[in-house]
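Student: These are the residues of each chain, in order.
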Amino acid sequence: MVAIPSRHKSLALLAGVLLFQVMMLAVQVKRDSRGRLIRVWTIAAVTPFEKGGAWGFGKVRGVWDHYFALQGTTRENESLKAENDALKLRISQLESKAAEADRLAALLAFKQTHEKVPMLMARVIGASAGTASRTVEIDRGERDGVRRNMGVITPDGAVGKIIEVYRDNAQVLLLTDKDSGAGAMLLATRSQSPVKGNGDPILLMNYVANDDAVNVGDKVVTSGMDKIFPRDIPVGTVIDVKPGSVFKQIRVKPTANLERLEEVIVLLTQEPVEFPSASDAQGAAQGSGNGAPAADAAAPASGAAAEKP
Amino acid sequence: MNDTYELRGSETHIEVHKFYPGAVAIVAILSLVLQRILPVYLPKLEILDLPLLVTIYFGLSRRNPSTGLLLGTMMGLMQDSLSGPTVPLGEYGIAKTIIGYLASSIGSRLDTEHPFARFALTVSFFVVHQAVLVLVRRVLLAEPEPWFNVHLGIAALVNAVLGVALFVVLDRLRRSS
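Chains as they are written, first to last, in my numbering: chain V, 1297 to 1605; chain U, 11 to 187.
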């Protein structure tokens, strides 16, 4: 009798031979873009363990980092806070520069649309030291051709006039100063009256007869009679009208944002300056960042005397 | 000379045959050679799988699963090698290893000398062989392969008929008792 290998032996041999051949196949066969089958299998077999290992290590590391290794966290937190503050400051600076660029673009556009009108762009470099006056200092002076009593405007409207000129800078008296004023008129009725400041952000128009019809929202423009501003430059909008003994008491909100002036235009002449229409001016105002709508100053007007030429 | 051995199970009495020296190797090689040559001259004979028939026959006759599967392995791997570079080594190898194992396992339990039994077993092994091939091609090689069609059915019958005749011829290579 021949000794027959046991069933288990032959089964093991079968499994071994088959496994060997399957592995041999895997080494030979290429799966399109995924490389040899043995590589695909190996990766498929190892990947779950890798994922499990990575998950486990991640958990262990997370526990370690969040509960045990905290000695550097305070220092890191302080460093991050400092960095955050610096970044906030940087963002603020960049936003400021962007706003400045918008304003300068609006000024440049205004200047380009009035090429024939001699004007000078100036940067506001200072304000009045006290609350008794409303003035600003600009970085243009005598050497740039700036002279006293020249009008100062923004693309939104009248700002004030030059009251002092130095070699490289000058002072501007704002319309809202209590000693300031400008020849103006109501755009709708052509009623002329100077506007004057009183130290508040609001202008007063005190010489419009009670008989004249004035409504809230009426536009006020320069009359050109003060020899400072050309006519038809927007001054403001009527926000309050009260009858007086002889004249109405009219309060006017300046069109230009006199509280936040950063760049202005010095008019080197009294030639008329044509302002854009209300819709265009609104767009320009948004671009300049001042936010005050421009008055519609298309209609001609007669002059009026300035308070303090 | 003791040419024939007896396997005694609980109730069965089955002979284990031995062959003349070199007979298995020569027959195996000859089957591979014919497998390659015959279709050149008679393309329709392509449906024959002579290495499979040889594997079945020696598996059934030797009735030793280990030698049966090893013979199947060798036959399959050689068939793979001779099938060109597009057939990876192991494709036929795996199929014939299983057939060799199954044939010798069944041969150790059943009397497979009757022509009808041989016919039925050959058809069955051919189907199993084909099933393993398709499985390997689909799963391992990612090749689309039909599980079964008429052509394969005809091939199974033709191989079985040829197998019955061939087995009779191969019986003569057994050492006489």
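Hints were generated in silico from the structure; no laboratory data involved.
Each residue gets a CB set at the ideal place from its N, CA and C atoms; glycine is no exception.
Some clues are possibly wrong.
Claimed, not checked - Derived pair list, reagent style DMTMM-like, types lysine to aspartate or glutamate, alpha-carbon separation capped at 25 Å:
{"id": "1", "chain 1": "V", "residue 1": "K1305", "chain 2": "U", "residue 2": "D121"}
{"id": "2", "chain 1": "V", "residue 1": "K1407", "chain 2": "V", "residue 2": "E1438"}
{"id": "3", "chain 1": "V", "residue 1": "K1549", "chain 2": "V", "residue 2": "D1398"}
{"id": "4", "chain 1": "V", "residue 1": "K1326", "chain 2": "U", "residue 2": "E153"}
{"id": "5", "chain 1": "V", "residue 1": "K1326", "chain 2": "U", "residue 2": "E155"}
Stated by the list, open to error - Chain V stretches covered by chain U per the calculated footprint, using a threshold of three residues with CB under 8 Å from any CB of chain U:
{"id": "6", "region": "1305 to 1311"}
{"id": "7", "region": "1314 to 1323"}
Student: It remains to establish, for every hint, whether it holds in the given structure.
Tutor: Quick rundown of the hints versus the structure:
1. V:K1305 x U:D121: Holds, because 23 Å separates the two Cα atoms, which is no more than 25 Å.
2. V:K1407 x V:E1438: Holds: V:K1407 and V:E1438 sit about 21 Å apart, inside 25 Å.
3. V:K1549 x V:D1398: holds, 24 Å
4. V:K1326 x U:E153: holds, 12 Å
5. V:K1326 x U:E155: Holds, at about 17 Å.
6. 1305 to 1311: holds (count 5)
7. 1314 to 1323: It holds: at least three residues are needed, and the region 1314 to 1323 of chain V offers 6 whose Cβ sits within less than 8 Å of chain U.
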